[in-house]
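Produce the entire structure from the sequences given, and follow the hints as far as they go.
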Amino acid sequence: MGWIGESIESIKSLQIRQVLTQAVSLGMIVTSALIIWKALMCITGSESPVVVVLSGSMEPGFKRGDILFLHMSKEPIRAGEIVVFNVDGREIPIVHRVIKVHEREDTGEVDVLTKGDNNYGDDRLLYAQGQLWLQRHHIMGRAVGFLPYVGWVTIIMTEKPIIKYILIGALGLLPLTLNTPTSPTAATPPATRMSQKRKRTDAKSPADSLTDHERILYNLIRSKQDMGIWSRDMKQVTNLSDSIVNKSLKSLQAKNLIKEVVNIQSKGRKHFMATEFEPSKELSGGAWYADGKLDMDFIKIVRKQCVKHIVRLKVATFEGISDALKRSGIFKEDLTKQQIEEILRAMVLDKEIMELKSNGSGVFNNIPVGKVCYKVVKEGGSASEPRIGAFASIPCGVCPQISLCTPDGIISPKTCVYYTKWLEF
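Heads up: the sequence shown at position 157 corresponds to 156 in numbering that gives the first Met the number 0, and the numbers run straight through without jumps.
Quick caveat, the hints were computed from the structure, so don't treat them as lab data. Keep in mind that this is a model prediction, so the values were computed, not measured. Cβ coordinates follow ideal geometry from the N, Cα and C atoms, glycine included. Careful: at least some of the hints might be erroneous.
Unchecked claim - Cβ-Cβ distance ranges computed for the label pairs, FRET-style:
| hint | residue 1 | residue 2 | range |
| --- | --- | --- | --- |
| 1 | Ser-240 | Ile-98 | 26 to 32 Å |
| 2 | Trp-132 | Arg-231 | 23 to 29 Å |
| 3 | Lys-37 | Trp-132 | 29 to 35 Å |
| 4 | Lys-249 | Arg-135 | 40 to 46 Å |
Okay, structure coming up:
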């Protein structure tokens, strides 16, 4: 028994050493790949030196499945160059051509406008809401070379995750099975295998019964998360015919896997999203929209509250209005800074309130000089109307820019030509 026990222990020790050796080898392979990738990032100056073309928007130059090699130097970006860029709110980078470049004289910063060679218009619909140009920090790199069709491996694994999981599982098991003797006791009993098969069939969900075309579209729509995707973009990315796409979309909607949502920027387009996500503010419009329509009642309430707080404070800063809206407790969710700025800007344009800068005296006593403030415009009057009375005998009384005049501002008594002439007279 002593000899048999020692033999069993030696076999166990040998198997453990083999498993550890193969695990270390796998770790070295993964580490080497990471080191090579980081080295490429340092050499090229791009955070992603290699990308795969996922759509046909750059055909015939680059086709779906091509691999692009990127390089990001300090040289200025020029019109005609093909660049890969990221857009705020989108996870997948885009490869398109630069069609316009604006360089600012004061800062030297460059604004870039892009367009796909195969697209009808520029990319402003793809940018973040309110964004008209790309800045340099959006650019990941310039395309300096490509390999055709090699990227189809990545596309197939993205659109059919089961293949990716099979490959990862095979690579993970390969080091553990090499040079390891097969043990009879390690085999799964037939009864266990049968029970496993029965469990898989019993746990079937709607996503398991999809056709190949439905699965391709569902994976594409689901990958867009809360941004969704336009039906026409689906056809370009998948290269499927209109009839197949329309039929598959109806089937996915019937199975409650996707839903059609309203895109306020393009209401005529059919936009789809996985049912597990809610539309982003870029699509739904945020607090100003309800069911894809501008919520005028809600906007009127916000404007009324702004006027109420400005009247109470006589002259109010943006921070004062924002704090007053929060303390009012009327709104279920706090309005963002951008939303309040949009409301105040609209009220200024509608001449409901006026925008002026503090001069540090009178009603501006507690407000720093030069700070932008808001004041309610009285009925029948505005900020540009001349004042009447004794004060009208001097230029300040009829000056249309009196609200912007401050002691040390751009407009001030020290630099006013009319005021100086009046004093000399």
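Here's how the hints hold up against the structure:
1. The beta-carbon spacing between Ser-240 and Ile-98, approximately 30 Å, falls within the hinted interval of 26 to 32 Å.
2. Distance hint check for Trp-132 and Arg-231: the Cβ-Cβ separation is about 25 Å, which falls inside the suggested range of 23 to 29 Å.
3. Between Lys-37 and Trp-132 the CB atoms are about 31 Å apart, so this pair conforms to the stated range of 29 to 35 Å.
4. Checking the proposed 40 to 46 Å range against Lys-249 and Arg-135 shows it holds: the Cβ atoms sit about 44 Å from each other.
Going through the hint list in order, the structure satisfies each hint without exception.
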